[in-house]
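Asker: From first to last, the protein sequence lines are chains D and U.
Just so you know, the working numbering puts 395 at position 395 of the first sequence, and the rest follows in order with no gaps.
Just so you know, the working numbering puts 277 at position 277 of the second sequence, and the rest follows in order with no gaps.
Just so you know, these hints were derived from the structure itself, not from any lab.
Source: prediction; values computed, not measured.
All residues carry an ideal CB built from backbone N, CA and C; glycine is no exception.
There's no promise every hint is true.
What the hints assert, rightly or not - Simulated restraints on C-beta separations:
id, chain 1, residue 1, chain 2, residue 2, range
1, U, V448, D, Q559, 20 to 30 Å
2, U, G16, D, L389, 48 to 58 Å
3, U, V216, D, G541, 42 to 52 Å
4, U, L222, D, P497, 33 to 43 Å
5, D, A427, U, G122, 19 to 29 Å
6, D, L389, U, D529, 18 to 28 Å
7, D, L423, U, L275, 15 to 25 Å
8, U, D529, D, V362, 35 to 45 Å
9, U, H218, D, P497, 27 to 37 Å
10, D, T385, U, D529, 11 to 21 Å
11, D, A427, U, R459, 36 to 46 Å
There are 2 protein chains.
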Amino acid sequence: MPMLSTRLARWIPLIGWLRDYHRDTLTRDLLAAVIVTMMLVPQALAYALLAGLPPEVGLYASMLPLVLYALFGTSATLAVGPVAVASLMTASALADIAVSGTAEYVGAALVLAFFSGVLLLGMGLLRMGFLANFLSHPVISGFVTASGILIAASQLSHILGINGSGNNLIEMATGLASQLNEINVFTLLLGMGVWGFLLICRRYLKAWLTDAGLSVRHAELLSKAAPVLAVIATTLLAWWLTLGEHGVALVGDVPSGLPALALPSMDPGLWATLLPAAILISLVGFVESVSVAQTLAAKRRQRIDPNQELIALGLANMGAGVSGGSPVSGGFSRSVVNFEAGAATPLAGAFTAIGIAIATLVLTEPLAYLPKATLAATIIVAIGTLIDLPAVREAWSYSRADGVAMLATLLLTLVHGVESGILVGVALSIGLHLYRTSRPHSALVGRVPGSEHFRNVQRHRVETDERLAILRVDESLYFANARYLEDTVMALTAHQPGLEHIVLACQAVNGVDASALKSLEAINARLRDAGVTLHMAEVKGPVMDRLKGTEFCRELTGQVFLSTYDAWCELRDEALPNQLGSPVDASVNVAASE
Amino acid sequence: MPMLSTRLARWIPLIGWLRDYHRDTLTRDLLAAVIVTMMLVPQALAYALLAGLPPEVGLYASMLPLVLYALFGTSATLAVGPVAVASLMTASALADIAVSGTAEYVGAALVLAFFSGVLLLGMGLLRMGFLANFLSHPVISGFVTASGILIAASQLSHILGINGSGNNLIEMATGLASQLNEINVFTLLLGMGVWGFLLICRRYLKAWLTDAGLSVRHAELLSKAAPVLAVIATTLLAWWLTLGEHGVALVGDVPSGLPALALPSMDPGLWATLLPAAILISLVGFVESVSVAQTLAAKRRQRIDPNQELIALGLANMGAGVSGGSPVSGGFSRSVVNFEAGAATPLAGAFTAIGIAIATLVLTEPLAYLPKATLAATIIVAIGTLIDLPAVREAWSYSRADGVAMLATLLLTLVHGVESGILVGVALSIGLHLYRTSRPHSALVGRVPGSEHFRNVQRHRVETDERLAILRVDESLYFANARYLEDTVMALTAHQPGLEHIVLACQAVNGVDASALKSLEAINARLRDAGVTLHMAEVKGPVMDRLKGTEFCRELTGQVFLSTYDAWCELRDEALPNQLGSPVDASVNVAASE
Numbered sequence: 001m002p003m004l005s006t007r008l009a010r011w012i013p014l015i016g017w018l019r020d021y022h023r024d025t026l027t028r029d030l031l032a033a034v035i036v037t038m039m040l041v042p043q044a045l046a047y048a049l050l051a052g053l054p055p056e057v058g059l060y061a062s063m064l065p066l067v068l069y070a071l072f073g074t075s076a077t078l079a080v081g082p083v084a085v086a087s088l089m090t091a092s093a094l095a096d097i098a099v100s101g102t103a104e105y106v107g108a109a110l111v112l113a114f115f116s117g118v119l120l121l122g123m124g125l126l127r128m129g130f131l132a133n134f135l136s137h138p139v140i141s142g143f144v145t146a147s148g149i150l151i152a153a154s155q156l157s158h159i160l161g162i163n164g165s166g167n168n169l170i171e172m173a174t175g176l177a178s179q180l181n182e183i184n185v186f187t188l189l190l191g192m193g194v195w196g197f198l199l200i201c202r203r204y205l206k207a208w209l210t211d212a213g214l215s216v217r218h219a220e221l222l223s224k225a226a227p228v229l230a231v232i233a234t235t236l237l238a239w240w241l242t243l244g245e246h247g248v249a250l251v252g253d254v255p256s257g258l259p260a261l262a263l264p265s266m267d268p269g270l271w272a273t274l275l276p277a278a279i280l281i282s283l284v285g286f287v288e289s290v291s292v293a294q295t296l297a298a299k300r301r302q303r304i305d306p307n308q309e310l311i312a313l314g315l316a317n318m319g320a321g322v323s324g325g326s327p328v329s330g331g332f333s334r335s336v337v338n339f340e341a342g343a344a345t346p347l348a349g350a351f352t353a354i355g356i357a358i359a360t361l362v363l364t365e366p367l368a369y370l371p372k373a374t375l376a377a378t379i380i381v382a383i384g385t386l387i388d389l390p391a392v393r394e395a396w397s398y399s400r401a402d403g404v405a406m407l408a409t410l411l412l413t414l415v416h417g418v419e420s421g422i423l424v425g426v427a428l429s430i431g432l433h434l435y436r437t438s439r440p441h442s443a444l445v446g447r448v449p450g451s452e453h454f455r456n457v458q459r460h461r462v463e464t465d466e467r468l469a470i471l472r473v474d475e476s477l478y479f480a481n482a483r484y485l486e487d488t489v490m491a492l493t494a495h496q497p498g499l500e501h502i503v504l505a506c507q508a509v510n511g512v513d514a515s516a517l518k519s520l521e522a523i524n525a526r527l528r529d530a531g532v533t534l535h536m537a538e539v540k541g542p543v544m545d546r547l548k549g550t551e552f553c554r555e556l557t558g559q560v561f562l563s564t565y566d567a568w569c570e571l572r573d574e575a576l577p578n579q580l581g582s583p584v585d586a587s588v589n590v591a592a593s594e
Numbered sequence: 001m002p003m004l005s006t007r008l009a010r011w012i013p014l015i016g017w018l019r020d021y022h023r024d025t026l027t028r029d030l031l032a033a034v035i036v037t038m039m040l041v042p043q044a045l046a047y048a049l050l051a052g053l054p055p056e057v058g059l060y061a062s063m064l065p066l067v068l069y070a071l072f073g074t075s076a077t078l079a080v081g082p083v084a085v086a087s088l089m090t091a092s093a094l095a096d097i098a099v100s101g102t103a104e105y106v107g108a109a110l111v112l113a114f115f116s117g118v119l120l121l122g123m124g125l126l127r128m129g130f131l132a133n134f135l136s137h138p139v140i141s142g143f144v145t146a147s148g149i150l151i152a153a154s155q156l157s158h159i160l161g162i163n164g165s166g167n168n169l170i171e172m173a174t175g176l177a178s179q180l181n182e183i184n185v186f187t188l189l190l191g192m193g194v195w196g197f198l199l200i201c202r203r204y205l206k207a208w209l210t211d212a213g214l215s216v217r218h219a220e221l222l223s224k225a226a227p228v229l230a231v232i233a234t235t236l237l238a239w240w241l242t243l244g245e246h247g248v249a250l251v252g253d254v255p256s257g258l259p260a261l262a263l264p265s266m267d268p269g270l271w272a273t274l275l276p277a278a279i280l281i282s283l284v285g286f287v288e289s290v291s292v293a294q295t296l297a298a299k300r301r302q303r304i305d306p307n308q309e310l311i312a313l314g315l316a317n318m319g320a321g322v323s324g325g326s327p328v329s330g331g332f333s334r335s336v337v338n339f340e341a342g343a344a345t346p347l348a349g350a351f352t353a354i355g356i357a358i359a360t361l362v363l364t365e366p367l368a369y370l371p372k373a374t375l376a377a378t379i380i381v382a383i384g385t386l387i388d389l390p391a392v393r394e395a396w397s398y399s400r401a402d403g404v405a406m407l408a409t410l411l412l413t414l415v416h417g418v419e420s421g422i423l424v425g426v427a428l429s430i431g432l433h434l435y436r437t438s439r440p441h442s443a444l445v446g447r448v449p450g451s452e453h454f455r456n457v458q459r460h461r462v463e464t465d466e467r468l469a470i471l472r473v474d475e476s477l478y479f480a481n482a483r484y485l486e487d488t489v490m491a492l493t494a495h496q497p498g499l500e501h502i503v504l505a506c507q508a509v510n511g512v513d514a515s516a517l518k519s520l521e522a523i524n525a526r527l528r529d530a531g532v533t534l535h536m537a538e539v540k541g542p543v544m545d546r547l548k549g550t551e552f553c554r555e556l557t558g559q560v561f562l563s564t565y566d567a568w569c570e571l572r573d574e575a576l577p578n579q580l581g582s583p584v585d586a587s588v589n590v591a592a593s594e
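Next up, chain D with everything else stripped away, as it sits in the complex (with noise of 0.2 Å):
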């Protein structure tokens, strides 16, 4: 019976790493911790700002659920907190809810975040985290590049200091257009100012630092401290010019302190309707945590386990709608940092927390006079990697059903909003993988004289025999596909007159479900019917554990053989007895292109 504290480490990771925790360790979060929270300040605010929460539910965010991640969690340098793509989700859900900004919209959210965490937790305790495989890789793509370009356009509408709305791009550029006379001039040219010198430093900032001499690992940190560079810049700007009262809009009063821990609303009305976007939240959030997380811990050879993701980032959530927060997931960029920083273990995080909370003991004064634009012009640079429009071509080019999932995906997205371009996305991922498996590949084949290789008679010139057909299927036959080989094998027959014997050649099968076996015992039952016998050769271990015992097996007409050849010289020889030997046989007629 392994030890309470190795069962328990099962379940709290950090129980296993702690034991070797020492000084050093201890060092690299701390300044990890320092980096990630100078560059989460203003990200959760202008997270707060897209989902259309009060700045203080970005800052909440940023604490109890980087503790709670950090005790759950596997990746030692995820940075969970809140990301561009969930608080578009979010604002998303909610704008049929409530108002933008009223109590009942922030407790909405509150129960949204905490919904989220209990999916998350339940797929995570009942291990069904391959739900979120529904999610293809196309969907995801065309989804978030889609979501970049919305939330591009939601902040426009800050940069130009008008009042932006709609879940999609029409209602967007609608909005934009009907109220471009409003344009509030200081705000646009701090927006333009802050964008512009994002851009700049993006581009060029680490190298004019390691030109300046700082290591290239350095260089790269300290560029992305920009936005607080353009942070601390602006307000400082917006509080001497007085910009407030020239129509620049501000964070304005931050409460200080940290949050009070209270449930959500249990209405289960509100519950709901919370329902689907809670599903797309939890899933794409978790598929976009788990791809960063893995991706960073292959660099240090750790491991990532999904399962224990979703109970981490579960409690997380959970975390955040008890805490004044929105949902959270792992970001991007910021778990890059995180990692380069150097951050050792989920601690860094915990201490990021810590961060936070000082940050909303000792900041929210100033904080009051930051401008909105200088956080919209943070998020518009951000999102830029979020955006992958050669994504669509590679994809197409690579397969079509694909390229149309993901095209399908981002275009509804764009105009109908982000639950019904996923869903459709997910629709049509499973409705196209169902279409290109219902023709599966098989081939007639044959001999190559004088070895044991059998292959496509079309491709190859190869011995075979007219009395004899062998057919490779090169697909697991499953209900989809199963009529198609009925189809396939009756046409066989009624083709060829002579036909005695069929082979099916399973070594591309992997599985047989009940239709497919069905069918298996039609094209049997049928074959007998014409005269024709049926055999098997080359199945799998675990596909013929399930043959055995079942209706087909007892009524097989043939034999099941190990191998082609086998096959092959058990029917070739039965169908030609008088011809054993002869060095040319007039029966074999090798076809190099039937």
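Go by the hints and put chain U onto chain D.
Answerer: Relative to the frame of chain D, chain U by itself:
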């Protein structure tokens, strides 16, 4: 360029076989038509009753549709016309639209037939027959069994002489229970009498007839005439005893003559309401028809073209819709009789249509005296073959997933109705299939000493090398299982610190979709970061064709080997250059049960 007649024959198979039509074929077709007509008259009336339609609708559905199928169908023996399951589905679809028996109800039935026909024809022209594959065998089987039970329950009321109603078992049972005091004794006696007579005939008549000196085939055919006997006897009885005046429900006035041709209602609202039902009726009808047709065609080594069947069944249903008929498909029992009676070409069906037309002209007067209870008993005995409860246990024991899908379809159809039953079944089939393939079987393999064969290290004593891991992937890679492969490979890397090379052996990989491609790219990048080289082996031709030119192939850190053995020789030698030729290799561990 093919001759016009050859091209026409592709669309109208009749042209192809009419050239070989001679006196013998004519005799066979005529004989079969007479027998099938005798069987079809009571069935047509009975299924109209089941669908809640006036009796003549069943007769109309047995004329024009049969002629159209004869022109366009590819099966020589499929007997098209009203069938039990489609009639139940029609009743269920129309229940919420109009009151049974009204002109509105009949009008909606015509729309349903025409609409199903349009859908079938569309699927045939667009070659989208694969859609029918979504109806997996467990779903169809569970659905048909549940339909059989529902049909039997619905006919019980006719035998009891009360007004039954309801679209599911619960509604039907409550309906029956509340009217038990209204049972008509004459109806009950008559109904039970016919039921008993038919059961006895089914069990013993064939044996009696063969004992009496008839050939097995003739005895078989004659025993199918039992319902005709029952119809004649009870009609005479009802006329002689004026049973109608004693509360026995009779078929009543059937308009004499042929149906008028007219387009059904084109009300878009009605079409929209009927869309789900039309889809399900057309798909279920198609699946059942093709299955029957293929089974019978195989006995004569004939071929069914499923796509042409879609067109033929589509035109037949459109024909039903414009000539006063309800939805039609290929019936199992009638087709078997048609086959056994010797039908040689689809013309047998056209002759049957003429038979029904004659019956409609001369038999309507006596048919008015036919008790409905007789028809109900005919249905109950006939649908006995639909109910197959052992199939549930069989599917369950073969595969839990299939068993669950079948049971869910069966129970939901019984307690909630046909449409929700079949839709949930389809969703479950797809979900469970994706779940089943989401954790692809994979195995670490090692070399069988002295051979070029590689086997699972956990099942066989094989040579392995701690710097080299060969992972055989036993499933096509697509979005549902791509991330699982990422986990598997990364776990391998984390647990085997000395690892330098990973080879993915892909002999069972029949496809790699865009999601899996991205996962392979991620695996390659992560392994590179971890200092491990990724190789591929035994990649199939079509898969390799696709992978060529992708980023994955350009970035692949290792090589693509033709065979696993090539990979073994190359990578092992490279890893252990100083141990070449050494007969005992210290670094090779022979794993018996790792």
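Asker: Confirm or reject each hint.
Answerer: A quick look at each hint next to the structure:
no.	hint	in the structure
1	U:V448 to D:Q559: 20 to 30 Å	25 Å, holds
2	U:G16 to D:L389: 48 to 58 Å	52 Å, holds
3	U:V216 to D:G541: 42 to 52 Å	44 Å, holds
4	U:L222 to D:P497: 33 to 43 Å	35 Å, holds
5	D:A427 to U:G122: 19 to 29 Å	20 Å, holds
6	D:L389 to U:D529: 18 to 28 Å	27 Å, holds
7	D:L423 to U:L275: 15 to 25 Å	20 Å, holds
8	U:D529 to D:V362: 35 to 45 Å	39 Å, holds
9	U:H218 to D:P497: 27 to 37 Å	31 Å, holds
10	D:T385 to U:D529: 11 to 21 Å	19 Å, holds
11	D:A427 to U:R459: 36 to 46 Å	40 Å, holds
Every hint from the earlier list agrees with this structure, and none is contradicted.
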